[in-house]
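**Q** From just these sequences and the hints, can you work out the full model?
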Amino acid sequence: MNTATISYPKAQWWQQVRRKIAIAKQEPANLIGILLLVLFAYLIVAPVISILTDSAIVQAGDSARVHSAEGAFTGYYIKRAMTSRMSELLLWKPLLHTMLLSVTTVLISVALGVLLAWLVNRTNLKGKKWFATALIIPFMLPTWTFALAWNTIFKNRTIGGQPGWFEALGIQVPDHIAYGFFPIVVILSIHYVPLVILIVGNALKRLDGQMEECARILKASRRTIAFKIILPLVRPAILSSALLIFADCIGEFAVPYILGLPVHYDTLATGLYRSIDSRQTGVAAVLAGVIMLIGVITLLIDTRMMREARRFVTVGGKGQTAHQHRLGKLQGPMVTFVVIFLLFSVAIPLLTLFLSTVMILPGRFTADNFTFDYWVGHNLDTIALHNGILLTPEFWHAAWNTLWIVGSASVCAGVLGLLVGYAVMRTSFPLVGQTLRQITFLPYLVPGIAFAAAYLSLFAAPTGPIPALYGTPAILILALMAEKMPFASRSGIAAMTQLGKEPEEAARIAGAGWMTRITRIITPIQAGPLTTSILLPFISGIKGVSLFIILAIPATDVLTTYSLRLIDYNYDQAANAVVLMIAVIALGGTLLIQKISGTGLSQGLES
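Take 1 as the starting number for the sequence shown in my numbering and just add one per residue.
Please keep in mind that the hints were generated in silico from the structure rather than gathered at the bench. Take the hints with a grain of salt, since some may be wrong.
[Said to hold, decoys possible] Label-pair ranges, simulated between beta-carbon atoms: (1) Arg326 - Asp368: 33 to 43 Å; (2) Leu391 - Ser63: 46 to 56 Å; (3) Leu591 - His67: 53 to 63 Å; (4) Ser428 - Leu591: 35 to 45 Å; (5) Pro465 - Gly588: 35 to 45 Å; (6) Gly170 - Ala494: 31 to 41 Å.
Every residue gets a Cβ at the ideal spot worked out from N, C-alpha and C, and that includes glycine.
**A** Below, the structure is given as structure tokens:
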């Protein structure tokens, strides 16, 4: 009796398990999800673990210094970076510089961004619809566009080569203006102001206007309304934009590389690059771990804040349109302020770069000093650059590498992103879906320079059946594809969330196989999101620096690394010409996304 009562539930439980397994086998999303987990564990998780492991084991060539066998466990690199006589140079001073730059950039960009967001969303500012789009452009341009423009104007004789425009005009530029903390903060602030405008502006648009009207009826002053009602409601958006900017600044490489290294103003990102360049792999791993830790902590705080913000509901449900404040006598000054910001953030940098590419001697604005030789000239009077960039094979080699490497990575990321969305929304195993979500989001928590170091750590030497990939296009494609997966996967998940199972079920009943359903039903329906998920990584990859500066070699130069090599050789006109072309491609690609998605530029970037 007891045996029967025990065995029956066991038999019933086993039948249920077998039934679930049989049902799961019929759902292709389960197998796809498991395969994707294995793939991303190798492409995303393994490199991060590898770089962290490198900080605790003896690296090649360090056995004598560490007094341990290669591959043995050691705390040498952590001690060297944190407590040795070199620790101030290796870690603490770059960390201090990074924190000062990040905090100051956050304060300035948030202050300017909140003001501009308020002007274009909550006032009767003239031309605000045009301003709303124009103010986003600085965020679409590579940060080092501004850095090179600054260098063109303010460069002094500290680092040699051609002088900047001011020096050419006889105006002495001190180092603290030309290089280091001040210009880096100015440039990063200009770049991130649009991000604040987008995030805070979106919050202001959704703000329920009923509470303001009630306060106004009760004779509350403008100051009271601003600081007691509006500011508390948009505080989550302000703090979120501040944290996102801070996390991004931690891993910023291009601007400190151009304007910091000439005066030895190191940040964590440039310190990591110098450690890799000098073959201090263990120390580089420690620095990468510090960058990762700061990025993860910052973005986890942001995630928690966003979760708290979703719990906040304004009174009145949907509410009414927010009151548009009349600027009155401030109309002229505020329009002037916005125009000046656009001049310094868009017009002047791009015009400066263009003029620098057609000037023989910097800062001399005479007719005989202008030429297009640096674009299409022959037999230039330079050692290594004999023709204009459009007639230079190295430029077209870098352009071709950019298109096919970044393009291949973007297409792969877009397709994998759609498959991630399919697996997450269709899998029978919730754990698989949740794990897939988290793994594909992980690269967003790791700054690009640290992610590149992680890939170098894993793929610099053969690993099992995988040969050493460093120096090949494959490592660039894999790294770029993995780094852009957060955007591609979120796009794929969002697209598949809106697509019900009915079209696929109808095709299944009609006898269509899974491949047929994917290619003839799901892909055509999701053509728009798929295109966007390909174009977004492509545009970001075109103007990216951090991954390529670590992983590319001259044979695999892309436009970004090619321009930086020209900068190192002091071929400023040619370098600026390459950067201009990158900026045009990035801007054109963003406008293409706008046309495909059917949304305005600012609305498209909000998402």
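**Q** If a hint holds in the structure, say so; if it does not, say that too.
**A** Okay, the hints, checked on the actual structure:
1. Range check, Arg326 to Asp368: about 53 Å between beta-carbon atoms, so the 33 to 43 Å window is missed.
2. Taking 46 to 56 Å as the suggested C-beta distance range, the pair Leu391 and Ser63 conforms, at roughly 50 Å.
3. At roughly 59 Å, the beta carbons of Leu591 and His67 sit within the given window of 53 to 63 Å.
4. Ser428 and Leu591 have their C-beta atoms about 42 Å apart, which keeps the hinted 35 to 45 Å range intact.
5. Between Pro465 and Gly588, the C-beta spacing of about 41 Å keeps the proposed range 35 to 45 Å intact.
6. Restraint check, Gly170 to Ala494: a C-beta distance of roughly 57 Å breaks the suggested window 31 to 41 Å.
Checked against the numbered hints given earlier, the structure breaks hints 1 and 6 and satisfies all the rest.
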